[in-house]
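2 protein chains.
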Amino acid sequence: MMFDRTIRHCRQCGALVARRLPDDGDTKERAICTVCNTVHYENPLNVVGTVPHWGEQVLLCKRNIEPRKGKWTLPAGFMELGESTSEGAARETTEEAGAQFIMEDLFTVMSVPRVGQVHLYYRARLTSDVFDPGHETMEARLFKEDEIPWDELAFRTVKETLEHYFADRRAGHFSTHAFDIA
Amino acid sequence: MMFDRTIRHCRQCGALVARRLPDDGDTKERAICTVCNTVHYENPLNVVGTVPHWGEQVLLCKRNIEPRKGKWTLPAGFMELGESTSEGAARETTEEAGAQFIMEDLFTVMSVPRVGQVHLYYRARLTSDVFDPGHETMEARLFKEDEIPWDELAFRTVKETLEHYFADRRAGHFSTHAFDIA
Ligand SMILES: [Zn+2]
Ligand SMILES: [Zn+2]
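Chains W and D, in that order, are what the protein sequence lines are.
With the first sequence counted from 1, adding 4 to any position gets you my numbering.
With the second sequence counted from 1, adding 4 to any position gets you my numbering.
Just so you know, the hints here were simulated from the structure itself, not pulled from any lab data.
Incorrect hints may have been included.
Any copy will do: because identical chains look the same in the list, a pair fits if it lies in one copy or spans two.
Unchecked claim - Here are the simulated SDA-like pairs of lysine to any residue, each with C-alpha atoms no more than 25 Å apart in a straight line:
id	residue 1	residue 2
1	K32	H44
2	K32	E46
3	K75	D28
4	K148	R129
5	K32	G102
6	K163	S179
7	K32	T77
8	K163	G86
9	K32	G81
10	K73	V43
11	K32	L49
12	K32	R95
Taking the hints into account, I'd like the entire structure generated from these sequences.
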């Protein structure tokens, strides 16, 4: 989902906003309404997803939507109001792959400040190898490590998560990996 | 920071929005502009902070701002655009406590869907026991486990993080704890 998040008008009254320092000691310029003075904060978005695994294989989805249409991804999407990170990750896995699975532990937490996002992936144990992908996915299929289309992955966060997954699997121990992507 | 996040007017053109299903297959009602059709997504916010420790003591800050003015908290605040979770956690620790420290690993990741927030805390090793708190903090001081004002803590996420911190410390091993708070 790409969309223009720039704030031009006040969400409360519709008047134009101006970029300036608020009067409360805040040190960052904000979009402030020129009429009612509402301060509009702009914050990072969370992307939540899973590493669905079946034996030594991992489930990837071929994207049917922009951006990166035709590239392969782990099931993931924007976290919604009213859900937790793990609930959102499970929802995206159901929507994009039509998979059946049991949620496991938080696996990667990756900040991508350049685009204002934090990506959180959970491991998920598949309980079936039959998938019923939604309209956002062209194809959902299982890959062994040496079959992963490394040059056809949609996002850097997917590549990093898969690399950590197979490394931890070889080491026989999974932990949570938190890091920044410049 | 409490503020009304309800979207009444379009951020692009200022016209009124209506709550309805978008035309793209989305299954949730969104605030959609009645004039230019811009879809406004509302997403959870991240709160980032630290557990600053000095020997067997932990640093808490007495809040000088609402909500929970006068209650004790770990240094934390809303993550900003352009920073990572750990950069935001470090910034809040500097702003609220004026502490000197070295950032360590991600410690807790707590979803609070009822208020649309995710709280992420890092451990941070203090390199000085002298603090210079900002205007948001009445007092910053160190507490041993048996001195923690458990009934005077500002937030449930602070209590949960401190409980996990002292439990892991006793066990001699820190890991990342991810869970939901109903
Ligand atoms: Zn206004
Ligand atoms: Zn509009």
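Going down the list of hints, with the structure as the test:
no.: 1; hint: K32 to H44; verdict: both (12 Å within a copy, 23 Å between copies)
no.: 2; hint: K32 to E46; verdict: both (11 Å within a copy, 22 Å between copies)
no.: 3; hint: K75 to D28; verdict: between (46 Å within a copy, 21 Å between copies)
no.: 4; hint: K148 to R129; verdict: within (15 Å within a copy, 41 Å between copies)
no.: 5; hint: K32 to G102; verdict: between (43 Å within a copy, 18 Å between copies)
no.: 6; hint: K163 to S179; verdict: both (17 Å within a copy, 24 Å between copies)
no.: 7; hint: K32 to T77; verdict: between (35 Å within a copy, 23 Å between copies)
no.: 8; hint: K163 to G86; verdict: between (29 Å within a copy, 22 Å between copies)
no.: 9; hint: K32 to G81; verdict: between (29 Å within a copy, 14 Å between copies)
no.: 10; hint: K73 to V43; verdict: between (37 Å within a copy, 21 Å between copies)
no.: 11; hint: K32 to L49; verdict: both (19 Å within a copy, 18 Å between copies)
no.: 12; hint: K32 to R95; verdict: between (35 Å within a copy, 13 Å between copies)
Violated hints are absent here; each numbered hint is respected by the structure.
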